[in-house]
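Visitor: Kindly generate the complete structure, drawing on both the sequences and the hints.
As they're listed, the protein sequences go chains A and B. The numbering of the first sequence is the UniProt record's numbering, which starts it at 1 and goes up by one. The numbering of the second sequence is the UniProt record's numbering, which starts it at 1 and goes up by one.
Among these hints, one or two may not hold up.
Simulated pairs of lysine to any residue, SDA-like, Cα-Cα distance not exceeding 25 Å [unchecked claim]:
1. A:K313 x A:G300
2. A:K20 x A:A43
3. B:K177 x B:E252
4. B:K423 x B:Q387
5. B:K275 x A:Q149
6. B:K423 x A:S84
7. B:K370 x B:D35
8. B:K340 x B:K361
9. B:K437 x A:V34
10. B:K423 x A:N59
11. B:K340 x B:F47
12. A:K275 x B:P61
13. B:K251 x A:V256
14. B:K418 x A:N82
15. B:K418 x A:S84
16. A:K275 x B:A33
17. A:K275 x B:E95
18. B:K174 x B:N74
19. B:K437 x A:Y71
20. B:K251 x A:L81
21. B:K224 x B:D422
22. B:K101 x A:T65
23. B:K101 x B:F57
24. A:K275 x B:K174
25. B:K275 x A:L154
26. B:K423 x A:L81
27. A:K275 x B:K275
28. B:K174 x B:A376
29. B:K174 x B:D304
30. B:K224 x B:S131
31. B:K101 x B:D333
32. B:K150 x B:T160
33. B:K437 x A:N59
34. A:K275 x B:I60
35. A:K250 x B:S207
36. B:K78 x B:W62
37. B:K437 x A:D83
38. A:K275 x B:D304
39. B:K275 x A:N142
40. B:K275 x A:K250
These are calculated hints, taken from the structure and not from any lab test.
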Amino acid sequence: MSDTPLTKAAEATPPTVARKIRGLSDRAIAWIFVGPTIFLLLAINIFPLIWTINLSFTNYRANRTNRAVEYIGTRNYERILNDSDIWLSMQATAHFLIWTIIFQVLIGFTLAWLINRKFKGNDLWTTIIVLPMMLSPAVVGNFWTFLYQPQIGLFNYVIAFFTGADPSSFQMLGSVDLAPWSIVIVDTWMWTPFVMLICLAGLRSIPDYIYEAAEVDRASKLRQFFTITIPMVLPFLMLAVLFRGIENFKMFDLVVQLTGGGPGSTTEVASINLKREAFEKWRTGYASAFAIILFVTVFGLASIYVKALNKVKER
Amino acid sequence: MKNLKLASASVLCMAAASAGSATAEDLTLCWAAWDPANALVELSKEFEAQSGHTMSFEFIPWPNFADRMLNELNSGGKLCDLLIGDSQWIGGGAENGHYVKLNDFFDAEGISMGDFADATVYAYSTWPKGSENYYALPAMGDANGWFYRKDWFAREDIRTAFQEATGRELAEPKTQKEMLEIAQFFQGREIDGQTVYGAAIFTERGSEGITMGVTSALYPWGFKYENTPGSYDMEGAVNSPEAVEALEFYKEFYETATPPGYTNSYMGESLDAFKSGQVAMAMNWFAFFPGLYADPDTGGDKIDFFVNPPQNQEGSTLGGQGISVVAYSDKQDAALEYIKWFADPEVQQKWWDLGGYSAHKAVLESPTFKDSAPFAGDFLDAMGAVQDFWQEPVYAELLLAMQKRMHDYVVADQGTAKEALDKLIEDWTEVFEDEGKL
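Guide: This is the structure:
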């Protein structure tokens, strides 16, 4: 018998345990291995999901446990879908989601393309660029509120320097028009490096010989970019969009820190609205229905997107 | 025999000692993290010395106080034995069984609610309102008041400029509109080479800030929540012409007399704006006034205080809290001992001396009270005309609706004052319908 780690482990197994295992079928051993994971999955994911679905059809309030719980059918869902405030929060979410993804993809890809070109200090610049995404969203939100401060904030002074406007004449966080953009700017600043890193991985996965072959065929740089670079980076880019899309759909901390959903309800994205319903108004049944609607939306969109992603990868 | 006696004495001593240690508890008192909480820590040392119990404190920053504590109560948590909870929680605390009803205890210990200021008993202790069911002892009287830069108001150049601009003397405002006029006068003015602004008011969106600020204008205009108390009949009361005018006034105040970027500001921001010499006036809770007066830069001779000015009538927004025994506590007897000790008039006097706002009549009606602090008289005036927000068990929903509607109108400039109040009635009606009260 060879002296491999496997045989050593077999020898080290106590005879009583070994006897028991020897009597088990492959299927039983497989269940022993996956059983704990399945149990945890059921306990942590599936059971709460089913429970939430159940609560969404009731008038349950977690702060009124002494009140009888009534099943009210689909009334919670009807109220949500007819609630103009909910639709406004979905609009705020869509604005945030779409613009952050557009900016992050454009800037992230550009940065990755630039970083991928060999130049002096390449590694240093990569490190500097990825710093924002290493910070806590609470910290980022907090210091950007100072940067946006109309009287002392650096952001207003920079804009004033380039435009000649009075720095205290505009409020990024206090203006209905500018507040949605202020959160887009911060999220873009923080998470563009993430998109850049994924794009960089994509760019570096393209073998040099493909470009060399294109050079031999006298393809221009522009042609190479559109026929080699973009198609080969596209699956990576789509993956980055998927990650950022899911993340930003449930964005909470950064927005709370920056605007708290204000001014008014201008930046009250869906997750903030959901939190208020669930843990401030304590309308647990209603909030459960809203959570299910959001879950179905994200799950549905993500499923369609993943199918598209797989098609792109197959090409 | 001698040995037997010795043994018996030893057993008795051991029993007595073990009985003593069994009754000595470690009580946890929960409250918001602010100046008066530090005063209470100091005050409670006397209770520790007297009772043998030890005190621990859980102080939560104001923006998270309601969330944190209501979660604790709703989950039946045992973190707090005693809770100094906001006045609006009393309905939920009573109806949901979070607070221990104190009537029997008060009767047994001879604690009379008649010894405490009527407004505080009504607001902090009773549920349903107007009943004699007590769920808290008034612990910290408070109202929203104002403070201003007395040194600026006294400067001859500023007084002359104000006289020229308005045709009257610069002095503490007697009405809400006078206050706005003063704030607008200071807005953007250069004082000692620095641009200063009119006033710091409450505009915070997340918790209760803008509601507390707006109601400080609504109440002096004569705002009522219901046409008939207890009827939930809000049409014509909540959106009365006076309420509309008051709300428009608050919006004008926000737009014309506050520092730039003052869109999400509450207690902390108000204190910062004043202490940094940015504003001539600021609104805040009386609880902060001792600390403001003691401030080395903007306190002392540089500061003075005034009660929320009347307009159609006197009216101040009620703050403050009562102290309750948490129903889930395993140490209710010791917690009740604390309440008994705290209700003592001598302890109440020390409470005021340390910077807490006693609601005990023995303190408030003392002949020396008015002169005991520069804001003491204003505090008495304010407490004589306080109004509180809904104290219903669903107050959180009612509050969030008001936060939204007020912020939408005042800060986000959406719609008119009338529309904001109409929508508020719709929101509140829906809440009361859900509760089966309408």
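Visitor: Which numbered hints does this structure break?
Guide: Going through the list in order, the structure violates hints 2, 9, 18, 20, 24, 27, 38 and 40 and respects the others.
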